[in-house]
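Turn these sequences into a full structure, and let the hints steer you where they fit.
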Amino acid sequence: MKVLITGGAGFIGSTVASACLDAGITPVLLDSLVTGRAEFTRGRAFYEGDIADGELIDRIFAEHPEISAVIHCAALIVVPDSVSEPLRYYRVNVAKTIALTEHLLRNGCDRLLFSSSASIYTAGADFSVDEDSALDPLSPYARTKMVTELVFKDAAQASPLRVLSLRYFNPIGADPSLRTGLQAAVPSHALGKLIQARTNGLPFRITGTEWPTRDGSGIRDYVHVWDLARAHVAAVQRFDEVLPLDGPNCYEVINLGTGRGTTVRELITAFEAVTGAPLPVEEAPARPGDNAGAFTRTAKAQRLLGWHPELSLEQGIADTLAWFGHREAMLGL
2 MKVLITGGAG FIGSTVASAC LDAGITPVLL DSLVTGRAEF TRGRAFYEGD
52 IADGELIDRI FAEHPEISAV IHCAALIVVP DSVSEPLRYY RVNVAKTIAL
102 TEHLLRNGCD RLLFSSSASI YTAGADFSVD EDSALDPLSP YARTKMVTEL
152 VFKDAAQASP LRVLSLRYFN PIGADPSLRT GLQAAVPSHA LGKLIQARTN
202 GLPFRITGTE WPTRDGSGIR DYVHVWDLAR AHVAAVQRFD EVLPLDGPNC
252 YEVINLGTGR GTTVRELITA FEAVTGAPLP VEEAPARPGD NAGAFTRTAK
302 AQRLLGWHPE LSLEQGIADT LAWFGHREAM LGL
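Using my numbering, the first residue of the sequence shown is number 2, and each one after it goes up by one.
Just so you know, not all the hints are guaranteed correct.
[Stated by the list, open to error] Only pairs whose alpha carbons sit at most 27 Å apart, straight line, appear in this in silico BS3-like list of lysine-lysine: (1) Lys-154 x Lys-301; (2) Lys-3 x Lys-194; (3) Lys-3 x Lys-97; (4) Lys-154 x Lys-97.
Don't read these hints as lab results, they were simulated from the structure.
So this is what it looks like as structure tokens:
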């Protein structure tokens, strides 16, 4: 089996590709390398280019007619950037995805797995969500994900397309074999910034300390990226079971996460436990587009995909630290 992975040279896409290889699935990677890394494509079928390039998509399918599904991971993802550059985010994340979808349909591809985001939810009083929770995306980035899902749902109802949307939370960790990991030179997520603060001997800044959580800091679902990658593989393998060709549904949503929330202060405590050293912190106002956060209930993923997370928060921290120690030699960062 072959799958096309858009954004296959990025953090999520490259890790999904590694998990596919380990499961006997051959990944074909497409990435513009705007944020992805060519180093993550070594030894893998790779096409450099834009997801909206119809001629390139046609060539990929002509050269790899065995492709049976597409895993769409390509997107811009930095929330503050989306606030300052919303049109760029809508153009890249939504408009180009529409073009990609048209190219896939023209090439007879009817299985699409969307690597989406749980940032589109509004959480309940306990900050937990499931697939039926209300949607209220609070940043342009999150809104691009919601709009893209609406596009997919409408397109699936009007064409042979079937779409499985995986909404997930904050990925941490790395490929345990250190083939790939976070590629950003300046990380935008909390754990990356914790490591950066420790490396530079600076305090870690908690952005937002007045949220209605148990300790005032934001709450997140820090899921190991390898668990996420395994879930994507399970979704490919069970795609026709979840969305049968002659079934009543052509679009389905599944949340991926740990099933429990971790506050930023709790993440700091776990980080200190793994590293064995205290880390000074300072408090700062919330950033534009930030929210209190959420975590997911995972019953649907277990039922439909046979998937549950296996790796702990501490393992995610340890694997991230191992990757950061390795990536300088690999990426020169």
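Hints versus structure:
Between Lys-154 and Lys-301 the alpha-carbon distance is near 19 Å, which keeps this suggested pair within the 27 Å criterion. Between Lys-3 and Lys-194 the CA atoms are separated by roughly 36 Å; this puts the pair beyond 27 Å, and the hint is violated. The straight-line distance between the Cα atoms of Lys-3 and Lys-97 is roughly 23 Å, inside the 27 Å bound, and the hint therefore holds. This hinted pair checks out: Lys-154 and Lys-97 have alpha carbons roughly 16 Å apart, not beyond 27 Å.
The structure is inconsistent with hint 2 alone, although it conforms to all the rest.
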